[in-house]
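Undergrad: Protein sequences appear in the order of chains A and B.
Per our numbering, the first sequence starts with residue 2, numbered consecutively.
Per our numbering, the second sequence starts with residue 71, numbered consecutively.
These are calculated hints, taken from the structure and not from any lab test.
Where hints are given, some of them may not hold.
Computed list of lysine-lysine pairs in DSS-like fashion (alpha-carbon distance at most 27 Å, straight line) [what the hints assert, rightly or not]:
#1 A:139 / B:97
#2 A:68 / B:182
#3 A:64 / A:13
Every value quoted in this text rests on a predicted model; they were computed, and no experiment measured them.
These are the residues of each chain, in order.
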Amino acid sequence: MKVKGDISDLKKTTPAEYAIRFLFGGLVAVTAGLIAHRYGPQVGGLFLAFPAIFPASATLIDKHERKKEEDGGCDGAGNGARAAGADAVGAAIGSIGLVGFAIVVMITANRFPILECLSLAFAVWAVVSGFVWCLRQKL
Amino acid sequence: VEYIIRFVIGGVVVSLFAVCGDIVKPKSFAGLFSAAPSVALATLAITASRRGMGYVSAEGGSMIIGAIAMFVYCLVTASLLMRYRANPLLTTGAGIAIWLLIVFGIYTAAEKALIV
């Protein structure tokens with residue numbers, strides 16, 4: 002399956018939905034910091050992989066799919082759940098990359114400046130996630 | 071002030087990855103961005119400047135547990151959504167309990183084994 006990009010899809014998301022994502026992201030970042038401050042970096046670090054935006058994204062996908070189906074005169078409930086499920090499969094693959102990201106941060110943080118450490122870790126996330134996704138397409 | 075900066079940067083980075091997910095197709099590829107290291111990228115640079123790189127390394131170590139829990143969480147929700155067409159909000163929301171259970175289960179076991 003070919004990967005495609007379409008900027009016009011951004012119009013489907015309302016300003017309120019963008020605001021909810023911003024709010025969730027900000028709240029999780031603050032909460033992770035507060036937990037680390039109170040209980041130490043070992044507990045705080047757990048929340049760096051909290052599924053912050055996933056419930057909001059899945060709900061939005063379901064809503065958009067339902068609307069698309071209903072506009073075509075069908076009941077879109079099943080397709081909405083299926084599309085959200087496909088997104089969850091992708092997120093599971095991204096989580097494998099996230100393990101790679103965390104390992105690189107743990108190993109390189111004491112050796113490199115933060116910018117290089119995070120750039121390397123992000124590159125590992127992108128490569129691992131992309132590779133596993135391609136592999137799954139071929140199987 | 072640190073927490074205001076965390077809130078703004080966290081919101082911006084998470085939103086940017088969400089926008090990436092909106093733009094790309096197919097859905098399974100877009101889903102990769104739901105598990106992007108958005109919160110980590112948003113907060114670790116601030117953490118490094120305030121508390122040092124040893125603190126960042128320790129957070130990275132326990133983030134591995136969070137990421138493993140995220141993997142299981144996504145597989146369970148994907149299965150429920152695709153097989154049973156379950157309600158996405160309920161499934162993904164209630165699934166967070168699974169994430170918490172796995173995270174603290176592994177963390178407690180690792181702590182006992184003196185890994186963390």
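Undergrad: For every hint, state whether the structure bears it out.
TA: Hints, verified against the model:
1. A:139 / B:97: With a Cα-Cα distance of about 16 Å, the restraint between residue 139 of chain A and residue 97 of chain B holds, given a limit of 27 Å.
2. A:68 / B:182: violated (50 Å)
3. A:64 / A:13: holds (10 Å)
The structure is inconsistent with hint 2 alone, although it conforms to all the rest.
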